[in-house]
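Enquirer: Chains as they are written, first to last, in numbering that gives the first Met the number 0: chain A, 0 to 244; chain B, 0 to 599.
It should be emphasised that the hints constitute simulated quantities derived from the structure, not laboratory data. No residue lacks a Cβ here, since even glycine has one placed at the ideal position from N, Cα and C. Keep in mind that the hints are not guaranteed to be accurate.
Claimed, not checked - Computed cross-link-like contacts, DSSO-like style, restricted to lysine-lysine with a CA-CA straight-line distance of at most 30 Å: (1) 280/B with 139/A; (2) 149/B with 114/A; (3) 160/A with 139/A.
What the hints assert, rightly or not - Going by beta-carbon spacing under 7 Å, a handful of chain B positions derived as facing chain A: (4) 46; (5) 101; (6) 103; (7) 245.
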Amino acid sequence: MPTLAIRLQRYQPEQDNAPHWQDFRVEYDDSTSVLDALEQIKAGQDSSLSYRWSCRMAICGSCGVMVNGVPKLGCKTFLRDYPKGLQLAPLGNFPVEKDLIVDMSRFLDHLTAIKPYLIAEAAPPSQPHRQTPAQLARYKQFSNCINCGLCYAACPQFGLKPDFLGPAAIALAHRYNLDSRDSGKAERMAQLNSDNGVWGCTFVGYCSTVCPKGVDPAAAVNQGKIASTLDGVIQWFKPAKEQSK
Amino acid sequence: MPEIVKTLSTDVLVVGGGGAGLRSAIAASEANPKLSVTLLSKVYPMRSHTVAAEGGAAAVTLGHDSLQAHFDDTVAGSDWLAEQGVVDYFVKHAFEELVQLEHWGCPWSRQQSGEVQVRRFGGMKTERTWFAADKTGFHILHTLFQTSLKYPQINRLDEYFLLDLLVHEQRCYGVLAIEIASGELVQIKAASVILATGGAGRVYQFNTNGGIVTGDGMALAYRHGVALRDMEFVQYHPTGLPGSGILITEACRGEGGILLNKEGYRYLQDYGLGPETPLGKPQNKTMELGPRDKLSQAFWHEQQQGRTISHPQGEVVHLDLRHLGQRYLLERLPFICELAKAYVNVDPVKSPIPIRPAVHYTMGGILTDANCATSIAGLYAVGECASIGLHGANRLGSNSLTELLVFGKVAGREAARVASEPHPEATDALISKLTEQAVSPLKRLHSGNGTERWHELRQQLAESMEQGCGIYRCEAGLQQTLSTLGQLQHRYQQLRLGDTGKAFNTERLHALELGFGLDVAEAMCQAALERKESRGAHQRQEPGLTNRNDQDFLRHSLAFYQAGSGARIEWQTVDTSLSPPAERRYGGQPQTDKPPKESC
Numbered sequence: 000m001p002t003l004a005i006r007l008q009r010y011q012p013e014q015d016n017a018p019h020w021q022d023f024r025v026e027y028d029d030s031t032s033v034l035d036a037l038e039q040i041k042a043g044q045d046s047s048l049s050y051r052w053s054c055r056m057a058i059c060g061s062c063g064v065m066v067n068g069v070p071k072l073g074c075k076t077f078l079r080d081y082p083k084g085l086q087l088a089p090l091g092n093f094p095v096e097k098d099l100i101v102d103m104s105r106f107l108d109h110l111t112a113i114k115p116y117l118i119a120e121a122a123p124p125s126q127p128h129r130q131t132p133a134q135l136a137r138y139k140q141f142s143n144c145i146n147c148g149l150c151y152a153a154c155p156q157f158g159l160k161p162d163f164l165g166p167a168a169i170a171l172a173h174r175y176n177l178d179s180r181d182s183g184k185a186e187r188m189a190q191l192n193s194d195n196g197v198w199g200c201t202f203v204g205y206c207s208t209v210c211p212k213g214v215d216p217a218a219a220v221n222q223g224k225i226a227s228t229l230d231g232v233i234q235w236f237k238p239a240k241e242q243s244k
Numbered sequence: 000m001p002e003i004v005k006t007l008s009t010d011v012l013v014v015g016g017g018g019a020g021l022r023s024a025i026a027a028s029e030a031n032p033k034l035s036v037t038l039l040s041k042v043y044p045m046r047s048h049t050v051a052a053e054g055g056a057a058a059v060t061l062g063h064d065s066l067q068a069h070f071d072d073t074v075a076g077s078d079w080l081a082e083q084g085v086v087d088y089f090v091k092h093a094f095e096e097l098v099q100l101e102h103w104g105c106p107w108s109r110q111q112s113g114e115v116q117v118r119r120f121g122g123m124k125t126e127r128t129w130f131a132a133d134k135t136g137f138h139i140l141h142t143l144f145q146t147s148l149k150y151p152q153i154n155r156l157d158e159y160f161l162l163d164l165l166v167h168e169q170r171c172y173g174v175l176a177i178e179i180a181s182g183e184l185v186q187i188k189a190a191s192v193i194l195a196t197g198g199a200g201r202v203y204q205f206n207t208n209g210g211i212v213t214g215d216g217m218a219l220a221y222r223h224g225v226a227l228r229d230m231e232f233v234q235y236h237p238t239g240l241p242g243s244g245i246l247i248t249e250a251c252r253g254e255g256g257i258l259l260n261k262e263g264y265r266y267l268q269d270y271g272l273g274p275e276t277p278l279g280k281p282q283n284k285t286m287e288l289g290p291r292d293k294l295s296q297a298f299w300h301e302q303q304q305g306r307t308i309s310h311p312q313g314e315v316v317h318l319d320l321r322h323l324g325q326r327y328l329l330e331r332l333p334f335i336c337e338l339a340k341a342y343v344n345v346d347p348v349k350s351p352i353p354i355r356p357a358v359h360y361t362m363g364g365i366l367t368d369a370n371c372a373t374s375i376a377g378l379y380a381v382g383e384c385a386s387i388g389l390h391g392a393n394r395l396g397s398n399s400l401t402e403l404l405v406f407g408k409v410a411g412r413e414a415a416r417v418a419s420e421p422h423p424e425a426t427d428a429l430i431s432k433l434t435e436q437a438v439s440p441l442k443r444l445h446s447g448n449g450t451e452r453w454h455e456l457r458q459q460l461a462e463s464m465e466q467g468c469g470i471y472r473c474e475a476g477l478q479q480t481l482s483t484l485g486q487l488q489h490r491y492q493q494l495r496l497g498d499t500g501k502a503f504n505t506e507r508l509h510a511l512e513l514g515f516g517l518d519v520a521e522a523m524c525q526a527a528l529e530r531k532e533s534r535g536a537h538q539r540q541e542p543g544l545t546n547r548n549d550q551d552f553l554r555h556s557l558a559f560y561q562a563g564s565g566a567r568i569e570w571q572t573v574d575t576s577l578s579p580p581a582e583r584r585y586g587g588q589p590q591t592d593k594p595p596k597e598s599c
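Chain B with its partners taken away, still in its complex shape (with noise of 0.2 Å):
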């Protein structure tokens, strides 16, 4: 039986290392210097997943652009399920945030007079993504770890993974983690707690994300009464690697990529995304620069009619940039060029990249308010695990990394404000009590009762969600994966390890993140069975149910935790007080939604 053998105590912990928690962390430190602030990740926080992310960061910055702009494009992107009040806080304090970060040194790329420079993106309406080259995620996660070194009251808990909460009557106290590399269990107590843990793309079987983005935040906060919002609304990034689902970035079609079919034709047009582009002259928002939702449904509609790529590694498009030149692509798409060097062997000057979408993004989360408070006192979420309501039913691509910074101040400024004030203190005794609760699913892993095999219920999690709860779905497909989840969950409690050691016990980890993900992915499901309607990211092939219905469903989702029995969803109203719910257009031509062949 694990014993505690450390118990420490901070001001604020922040759990997660990368972009949100990091500038959470700088924010809090810098809200009251006194305070002490505990940054806690279960890998070094330069590891983040954070660092994956390519293409850029938004904020409108050019004198044509303007504030009304970057909502309208937000909350139609969102498919009008954006909290509209939030993207308006949103887009009014972006560019104050990309600037705060070129003062703590983050290398944007530059136009010749030495000002800023902005890319196009997809789903936006002018150029107002800023970058660094096509390392945009990397430079400003290494950009805020730095500077978080400036700060002495930051105290980092490098590789502690966090095990559970510690949260009684609504409240919370801390946090019981795991010291990797010991393998000691860890009391952490603190005033105020924000979870800024990332997404849940790992449950899913192509996906662009790191092996540490299971969703442990999500499900934590989940497990704790906290409902998960909009679960149903996951991101498919059209353009992923076959095989790996490495992410290759928007910015090429921003750049001016073009999308192909095996006949080499530039199929966007045949989905309400035309007319046709002229090579080499992107415009916004038409065609390759339609949003991330239209075009992995309009792959699948390829797909479906024989009309993409057969690759050793499953089926694929092509994006062809080798029009761009070498000269512009080694300075705009450095990265991109070496990823599809090293895992497709195809250099971009030369030949077309094979792509298809992979799973990219969580647009949904935890619940929070416009302050990144949840339902439990002394909880905060920001970042991809939270869902404070700026996404919708689809994020536009460059949006969320300037969530990071925005919203990873605001949750890092309340934080410090709580753990400033008076507040309750929980007992030794309560602290024992929650401790030994926490515990208790360790204790059933180290039994060694069990039969089964961490590896393989993670495989068949990852195929089912694929299967049932893809880009496009439907009541027999769901049913089948929520059956094949309940099943899992069945199985996980006969889980049993090779790996009776403690130290850097990974497979003990592996196991602790698919009963996360686990529950994530039950959310997801529930939420998009009972989701009666095709919106953004979450599309129903059934006949009736291919349009948007806000009659009926111009709502949340709140999936609430049920121990052994999937989850309950809620729904709850959207905010549309500023602009009232309309039409989603993209290129120059009427609205053509195709509706889906039925393969169910």
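Bound conformation, chain A alone (with noise of 0.2 Å):
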């Protein structure tokens, strides 16, 4: 089997002042992924070596890797593609953890932040809601984000101010806002209006390049800024009394 080179971002934080590079060799094949060329060497190389990783599937979200400085999901991203050899490397714009794991807390914090749950006036309890294939279209596309964080390691301004709520959390407020049977758009609209919203985006647009499952996270901050746009003229023209409500 041939085989190729990997250089790997190292850091043990027990023993580690700083992270470094180490040089492994890998086995490969056509079928072999960065996954599998991780799982070979903590097999079989240095049991040591961290990571996430679960589903294998690219649906749980757990593996996020730099790959050649691009942020990538390690089950989906095949040897057979890097002849030249590849360095992997942790997401970037994440405090680094150990070897490949990073803290994603401050990514948990901003989606908790939106309120990314149906806000709505008590339904008949015992019936769904009616949504046509067309309302569902508007928004569907935005929930399909699995939370890996690669937009985050892809997006230059959560790297300068990590407050920036992100790609990821943006989306999934405009998954809601969008969605026929949510009313709470007013609830978010105060994180999305705000420094850290919407209007902290430069739009770079990598966000949408790097995500692997075809959401459009610029997209939803772009929408967000016009909604946010006119959020703003709606609260201009309003009766004091009704902007206090």
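Fit chain to chain and form the complex, with the hints in mind.
Expert: Okay, structure coming up:
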């Protein structure tokens, strides 16, 4: 079986002052993923290597990693596409905890902040709402986010300013705002209108390029800016009483 | 020696952040908003394996369907080994739970009218499977996770690993966990504990399961004396990708996909599932819409007879979706198109997908009553880790996602009730003593004296289970696997870790998971050995054992843990009060089960 060189960023918090590079070689064929390569190293070469993974099928969102500087899912990136070898590092813009594991807590905080759940009048308890395929299609793509964090690793703004809500959280807020069953948009707009909301985005658009699930967070941010502007205009013309409500 | 660095206290502790765990946590919070609810999981909840479920969730929905029909399909699917009172409760509460999820925002696929769409599924008489494209588990999990954020009383402990239960004299007082990031030990006292830790499919080599599906909760309950019920029934999903075992949903066949052997022949008609249905006109409970056990067994026979197709990663048959057309495939099965392309380089619009059976689901699990209570006071179990008795000898696709919701709610409500009532509390001295016992396996792992490596042992476990406890079983094969498991148990005592650090020591976690897997595998094999009949997913090859034998085995197996000497099996009566045992029939033909060729 042919082999390939892999340069890995290592960081063992109990031993290392700073991350450093270590070289490995792995065997591979047409089906070997970056995740398979990591498992090969952990099983056969260095059992202390740490990384997150679970489903192996690009749906659980655990195994995000920088491959030659580009955020990717390890399980859906194949060695066959890197004949000159590859370099693996933890997802950018997040604090490193150990080897390829980063601290995701800020990401989770941002998701939580935008109230990512249906806010609605109580529906008749025994029957589903009606929602046509066209209504579903309005928000569907934004509901496909797997929370892998690749878009945060791609976002220069999040890198500079970690309080920025970031692409996935804004896309998720947008997903609920667009849902015909939801009436919680006003509650989410405070976050989206804030300095850390849609206006924090400088519209690089790289978030949408790296998304492994075809979600377009940049579009969510852009549409959010329009909504935010309209929201501002409406607030401007609303009677004071209603504004304070 | 690891020291306890943190002590926490909560009213209800839920272990596991998948569908069952999240639904329980929400139910407990709603049952009594004054309670503190802690949700502990070894991964962030949205990584839990519920995420990988594709096809859908069953509930009687259409006017011409009936609760009785869903009940009958489930009981027949179980080969009459389901608890019928439990099935009855389940079918009656399925619809309201799917509606509840709709009210929480789940993006169910819709008809033009805006009503929820249902699809066909294997072994189901009528279309009753709700779906969200082919990512139903993903959407259910994210909807539940996001909804759980509404409840301030739910305190999450993300990336905490369950090390042991704190049990004394048949009562559970809490758990001991490892905070994965720091590697420190955390003691959590709780009035009631719900195990929602998922299945154990990773004890097999070819499986559709995520790396985290390692039987943790099952093994811990078992070690504390709770029976594991019906563990011999392990579901092989008929359509996994070769090599990886990645799941290709049954919904492919529900939408009209067909299975072909190397002659391009729809071989299922030879296995009591015919007559052949016209292309593009799938018929419920017929051909490709037969139940999973029968389809996986049919593959085994085709392979024995040399009619499977050689693929670089093993023998396969073809799942052909081409006649459905690009537009329909992208609407109904977009994830399947993505998976096939990424992992076997096949575009289902243009070519058939190579598939083979892969272990998918453990029908058995921690014995509970109909309220999700185990034999230990204050300890509940729900979802794939539990055996409430819904699936018997074979689970029907799309019943398990609904199970997470229906019984997750029950478990949460019951755990909240117990936590709200007066209950005994453990003294600090008792908790210290229980903790001392619980850390002993860790001490051994860290002693540094051993020579064995976890990954070799894990590999041998997975190969041996596949070899001796697979689709067809026989005494010699099972004995061989049991003997291998005994050796692996012995070698496990000599494990040595290469990673001696504490922070994110994933090697240590894999080692602990391997220990859980070995115990669960022993229970599976011992129960399989002693069930001398063929029923559902458990098929024996020896003459005289190839048929169902209600006289002797219309009973649940109960596996009890015996430290150092494998499982002890007892038998338990099955509730057949609503539907007496009858022949399972699929397709339009009389039952023609093929006796397996002896290859043992």
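Enquirer: Confirm or reject each hint.
Expert: Now for the hints, and whether the structure bears them out:
| no. | hint | result |
| --- | --- | --- |
| 1 | 280/B with 139/A | holds (29 Å) |
| 2 | 149/B with 114/A | holds (8 Å) |
| 3 | 160/A with 139/A | holds (29 Å) |
| 4 | 46 | holds (4 Å) |
| 5 | 101 | holds (4 Å) |
| 6 | 103 | holds (6 Å) |
| 7 | 245 | holds (5 Å) |
Comparing the model with each earlier hint shows no violations; every hint is respected.
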